[in-house]
Amino acid sequence: MSEIIRLEHIWKRFTGVTALSDVSVSFSSGEVHALVGENGAGKSTLIKVLLGAYQPTEGRIFYEGKETVIESPRKGSELGIEGVHQELMLVPYLSVSQNIFLNREIRKGKIFDVKEMNRRSQELLHDFSIDIDVTKPVKQYSASIWKMIDIARVINQNPKVIIFDEPTAILSEREVDSLFSSIRRLKEKGIAIIYISHRLNEIGEIADKVTVLRDGHHIGTLPASELCNDDIVKMMVGRDVSQYYSRSRVERGEELIRLDSLELKKGQHDISLSVHKGEIVGLAGLVGAGRTEVAEAILGINPILKGSITYKGKPFHPASPSQSIKKGIYLVPENRKYQGLILRFTVANNIALSVFSRWAKFFYKGKKEATVAENAIRKLSIKTPSSKQLVNNLSGGNQQKVVIAKALETSAEFLIFDEPSVGVDVGAKEEIHNHMDSFVVAGGGILMISSDLPEVVGMCDRVYVMYEGRIVKELKGDEVTDNNIAEYMLGSKVAEAGI
Amino acid sequence: MKRGDIVRTLKGFPPVVWMLILIICIFSFTGTNFYSVNNLLNIVRQASPYLILAMGETLAILVGGIDLSVGYVMGFCGVAVAMLMNMGLPFYVAILIALVIGAFCGFINGLFVGKFKLPYFIVTYGTGNMVYGLGSIITGGVSQPALDRGFRFIADGTLLGIPVVFFLALIVFLLMKLLIKKTPFGRNLYGLGGNRESLFLSGVNVVKAEIMVFTVTGLLAAIAGVIFAARSASGHPGFGIGWEFDAVAATIIGGNSFSEGKGSINKTVLGVIFIQILRIGLNISGVAPQAQSFLIGFIVVIAISIDVIIQRRK
Ligand SMILES: Nc1ncnc2c1ncn2[C@@H]1O[C@H](COP(=O)(O)OP(=O)(O)OP(=O)(O)O)[C@@H](O)[C@H]1O
Ligand SMILES: [Mg+2]
Numbered sequence: 002m003s004e005i006i007r008l009e010h011i012w013k014r015f016t017g018v019t020a021l022s023d024v025s026v027s028f029s030s031g032e033v034h035a036l037v038g039e040n041g042a043g044k045s046t047l048i049k050v051l052l053g054a055y056q057p058t059e060g061r062i063f064y065e066g067k068e069t070v071i072e073s074p075r076k077g078s079e080l081g082i083e084g085v086h087q088e089l090m091l092v093p094y095l096s097v098s099q100n101i102f103l104n105r106e107i108r109k110g111k112i113f114d115v116k117e118m119n120r121r122s123q124e125l126l127h128d129f130s131i132d133i134d135v136t137k138p139v140k141q142y143s144a145s146i147w148k149m150i151d152i153a154r155v156i157n158q159n160p161k162v163i164i165f166d167e168p169t170a171i172l173s174e175r176e177v178d179s180l181f182s183s184i185r186r187l188k189e190k191g192i193a194i195i196y197i198s199h200r201l202n203e204i205g206e207i208a209d210k211v212t213v214l215r216d217g218h219h220i221g222t223l224p225a226s227e228l229c230n231d232d233i234v235k236m237m238v239g240r241d242v243s244q245y246y247s248r249s250r251v252e253r254g255e256e257l258i259r260l261d262s263l264e265l266k267k268g269q270h271d272i273s274l275s276v277h278k279g280e281i282v283g284l285a286g287l288v289g290a291g292r293t294e295v296a297e298a299i300l301g302i303n304p305i306l307k308g309s310i311t312y313k314g315k316p317f318h319p320a321s322p323s324q325s326i327k328k329g330i331y332l333v334p335e336n337r338k339y340q341g342l343i344l345r346f347t348v349a350n351n352i353a354l355s356v357f358s359r360w361a362k363f364f365y366k367g368k369k370e371a372t373v374a375e376n377a378i379r380k381l382s383i384k385t386p387s388s389k390q391l392v393n394n395l396s397g398g399n400q401q402k403v404v405i406a407k408a409l410e411t412s413a414e415f416l417i418f419d420e421p422s423v424g425v426d427v428g429a430k431e432e433i434h435n436h437m438d439s440f441v442v443a444g445g446g447i448l449m450i451s452s453d454l455p456e457v458v459g460m461c462d463r464v465y466v467m468y469e470g471r472i473v474k475e476l477k478g479d480e481v482t483d484n485n486i487a488e489y490m491l492g493s494k495v496a497e498a499g500i
Numbered sequence: 003m004k005r006g007d008i009v010r011t012l013k014g015f016p017p018v019v020w021m022l023i024l025i026i027c028i029f030s031f032t033g034t035n036f037y038s039v040n041n042l043l044n045i046v047r048q049a050s051p052y053l054i055l056a057m058g059e060t061l062a063i064l065v066g067g068i069d070l071s072v073g074y075v076m077g078f079c080g081v082a083v084a085m086l087m088n089m090g091l092p093f094y095v096a097i098l099i100a101l102v103i104g105a106f107c108g109f110i111n112g113l114f115v116g117k118f119k120l121p122y123f124i125v126t127y128g129t130g131n132m133v134y135g136l137g138s139i140i141t142g143g144v145s146q147p148a149l150d151r152g153f154r155f156i157a158d159g160t161l162l163g164i165p166v167v168f169f170l171a172l173i174v175f176l177l178m179k180l181l182i183k184k185t186p187f188g189r190n191l192y193g194l195g196g197n198r199e200s201l202f203l204s205g206v207n208v209v210k211a212e213i214m215v216f217t218v219t220g221l222l223a224a225i226a227g228v229i230f231a232a233r234s235a236s237g238h239p240g241f242g243i244g245w246e247f248d249a250v251a252a253t254i255i256g257g258n259s260f261s262e263g264k265g266s267i268n269k270t271v272l273g274v275i276f277i278q279i280l281r282i283g284l285n286i287s288g289v290a291p292q293a294q295s296f297l298i299g300f301i302v303v304i305a306i307s308i309d310v311i312i313q314r315r316k
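Residue numbers (the numbering used here), protein chains in the order written: chain A, 2 to 500; chain B, 3 to 316.
Next comes chain B alone, as it looks inside the complex (with noise of 0.2 Å):
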């Protein structure tokens, strides 16, 4: 490689990794175990779920949508799985429930969306506040336990020292890598966003297409709900509020945009990383968790300032 390619490569780089790589420095000095095994294992296993949801919720930006449910969904989902273990059902029959549950209610966000051509705000919204409606009731707002040895082992089980939930997200993020690469599905998420009218005149049914979309991305909320409640040994539908937000932020630090179907998970992959260790970091360096939401709120925005200055410059 000559010197240019090398500066080149280098500017190719999207921002989030040089904050990532300043960040990562600052916390080798602040944080005394920063580098310990244990504080790399913490991070993966608290940034699986997160991933799965957030690669969930760049396919509903990448069709120039946003998807506001898939906190509670997830929520939801770790309650089903929860509750249908504790009726007796085997664990895998009942994440396949909770994961077929998850699905639906993507489905029903698509119908919404693509059939009626109702706002993705609205929709999403509104589905997400029913399944956080519907969950409190069947639970009487009281969290489930999920004890079963099996579904626990998603949690805690490690294979060859490395955290089962890592392989887990790595194997979701390989799948979606094949169905964005090499299915129709992924050629009509960028043709959505990039120019609906004509991905329509192709002749391509585009509502059924974007209902598609919808449905992976509840699928994947659904995934990242199971994974939490093995974490927690429990369901309750409040567990995911919030996450939504986390996960739009994560699409948007990584580098995706809002508009134009411009965007990968790579790129999403990349904000979760650095979400994930903002967060850790600043706690292992003993900031207060009150200043710890100020800096993270902080620092979003500066990244995606600097981003956004960086692409308008290019």
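Only chain A is shown next, with the shape it has when bound in the complex (with noise of 0.2 Å):
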């Protein structure tokens, strides 16, 4: 295994932050190497120097021997450095084909090859045993689906050096399990790999090299054979954190929220699902299975055909956010980027989004907004140098944690969480964790939508379990299991038991 790239030294700052300092680490060919830290520890940004997105502020790069400079993406590309980035980064209204091809269109002498390109999108999809129209704009597909497109676009380059940042966060485990496999392939043909997660039982599965990052500094780097999950979380947190789930016990409140037999598209009309006060509830699914779709129902953006929904006693016809918020439901959305913050609004305008208009009928309070943001920065200990800073600086994890002070903020009654803690460490994730479960205590209830199934199986008091549009079955107590889930979502039990 030779090394391709190896940093020397590396400083990067920003106004008020030191993102990575003095950082020398190297990537060899045929390897994959694990960056691993807390949120805000400097991996995307250690990226991004690779990329050539990012110019360090000190030091050197080497890349096949050479000291090089990667004064943009271009060049790094050029290079045969590309990267999966954390945000997705389609463009919405172009088809899965165009964004795959974007600016490496197939020619036919002058004019492009439509449909070769669109063959081989769907060549490269299948692989990820995705078959979808890829001359649809990708707008209409989920983030997982979009994660999976750029997935695919990187490989069609074929580049030397590919890294992915958290490509994971947002798959479930069919689609992990694909990525893998395509990672094993990438390893074999020689390309190097940086992969970032923050996921651990992964990186132990995947990874040959762990670097660790704390608060920019370069903590250590080690083969992952002598590493456990611990020894990780140690070093990265400098402290150690339970990596299990705790919830306090609660008695099962009145019911907050029943949908009866909705239909959501013609034809299926099974979606019957209740929660209860201090309960959480997990909508368990493979990607597509339609749990988003029955989150958007209830807030009043997808219209329901058929059904009805009953929320605290009363019959509920959810019309807009707008007015489902002012009863007291909110949703966490999955699309932090598209759905979830306004990026050129500094932290505190996000936080204060969903309630500012309830403070405020004329004049803006912005002493009030300040306030309630710096109490939510230190509760979900955002990392930001301040309340004043653009949503958009802040590494990826501590935008989430903004989406969820967001939340929190609006005092619902009905939360649902849609792929909570998607890219937040597990420090974070255990704090994210501890505000659901005090929010249940609360007398709250929460309907909680995940792909990472451990997160399920420990956070949730019941758990429905979709197919196809469908809820196929509803597993309570002893029954919630990794197994029993996986089975239902995939569908092996559901033909069997004919439902």
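Read the hints as simulated data drawn from the structure, not as lab findings. These numbers come from a predicted model, not from an experiment. The beta carbon of each residue, even a glycine, is placed where N, CA and C say it ideally should be. No false leads were slipped in.
Cβ pair distances, simulated, as ranges: (1) B:46 / A:23: 56 to 62 Å; (2) B:95 / A:137: 55 to 61 Å; (3) A:113 / B:244: 37 to 43 Å; (4) B:98 / A:412: 38 to 44 Å; (5) B:244 / A:379: 51 to 57 Å.
Once you've looked at the hints, go ahead and assemble the two chains, each given alone in its own frame, into the complex.
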């Protein structure tokens, strides 16, 4: 295995923040090199330096033995360094295949060979068992399919180095499996892989080497075989963190919301579920099983064709998010960049976004906003120089915490979390879970959509499993296990039971 | 202040400031009376309605849209105020009604783009032409005299030697600042341009918010129309034609952007001052009107290019 990139004494300073301090590390061909660290540790910054998106404030980069300045992403691309970014980077209104071939269109003479590009796109996605219409705009597909399209796009460019920044954060198990087999294939081809993830189990499974960053410092690089999860966590956080899920005992209260045989798509009218006060109820299923659609129906974004919803004992006809929020129903959406945040607003502005019009009919309460934001920043330990920082400048995990803070500020009684812990580190995940727990202890109810099975099993009192647009099973108490959920989710039990 | 700080502050100025300084320097050589009091008052008088109109346009651009009806609405409101006064209404009642008409036109724009999600360009182009057509029908294409003394005071009057219109523009500007900085209106304005989806999911009624924005744009167009009618002592449906593009130009030259909800009305003020000084400067430098038109177009394109290049560098 030969070294392909070496970083020497890299520093990166932003105003008020030193994101990387004196990091030296090297990456080799045919090796999966994991990069771990808490939210804001500097992982994304490091890879943006590699990709040419940021220039290091100090330090040198050697590529294939030669000192190189990667002055732009274009240069990085020419050198053969490609990345799957943490945030979704597709162009929403272009088709799947146009996105995959953006700037690298196949031509027949002077004109684009659309047929060939569509065929190749289909093939690439088929490797991940995703069979979608590649001529449709990506806008209509879910966040996880976006991710897979992005991955396909990068692989299609035949790079020498591929960087994955938390690729699995929004993927479900099946997709993670197909991603891993493709990473193994890439590795065999001699490609250097840099892999960032907060899911430590994955690191044990896929990585050869692990580099730990903490507060921008390089803590160490070790062979993965010599490390167990607890070691990694300790290096990352500098303290012990419980990796177990803990829930307080809560008496299940009265029914908060009930969905009766909702029909969201023609012919699929099996959506019935309930959430009581004091409960965290899971909604499991593969990507595309229709979980987000259910959440959006409750918010009044998607129309309900048939069936009824009862909220706090009264019939409830969702009309729009603003009305649902007035009734105490709030959704934490899955895609923070496009649905959760306004990136050009400050942290404080974002946290107050759902509530500011309730505070003030006419004059905006700037002071109150700042106080509320500062409390939330402390409560969720959001890493930011101040509440006036633009959300765009926060690390991914800290952006997610802002989305959660925003939800907790609404004083809702019923919260729907769509992938709540996407991209947050182990410590922060624990904190978010604690907040969910105290929320239900205080008498709220939660419906949680998550692709992270251990999270579902660890946090939920009951779980509904969706399969192809229907709820096929409700699991309670001891039935809530990884295996049970997986079997219904994948449909194997479904056929058997003839549901 | 340290030297580095000064340099940084200077670099922080939007490019339009430098261009402004540049043209002022040029005109102080070419135009003999450039610094005369008369000329300055002239700049202020002409710039006031233009500034008010452009601030409204900026709102539409900040939410990611455009309003092509403002020029026509301005003309129509001028007609309305003139005709209402000729019917014997006191000037302030006539003005009030004209403002309501302008706000209503904006409301209609907002309704169609916000609620029915039709393209900004088409909707505002359509309402603009309708308003113009309507104005032409009721006036028969003849300009309507507006000679009321109180009304004319708006245009000719001075306070402490400064034209009343200057104070009007200043008040509108300050009110807009207040509205944008201190009320949910402003937060929604930038939110609509920044990320409509997030705003919607945060429980903001985005349709209502957008209607509000366009209503204010229409209202500002009406104010501009009333001032312009006072200045020309008459109203004519064609008075504002083309002003919508001047308003867009001022917004963009000032350094606002068509996307992402970036920008502010401060920048628009700079843009308006720039274009206005350019016009008057060319005038007093004795450039022929045809050549003026060419030069303004040319300089605007150059100015925008410089701005874009500098932005990209950053
Ligand atoms: N453009 C920027 N301007 C200012 N500060 C920034 C900018 N980009 C990153 N930072 C700061 O640098 C630090 C490191 O951020 P980075 O995104 O590299 O973290 P990360 O390790 O990827 O975290 P996460 O796991 O949450 O994605 C953070 O404190 C972040 O707020
Ligand atoms: Mg990151």
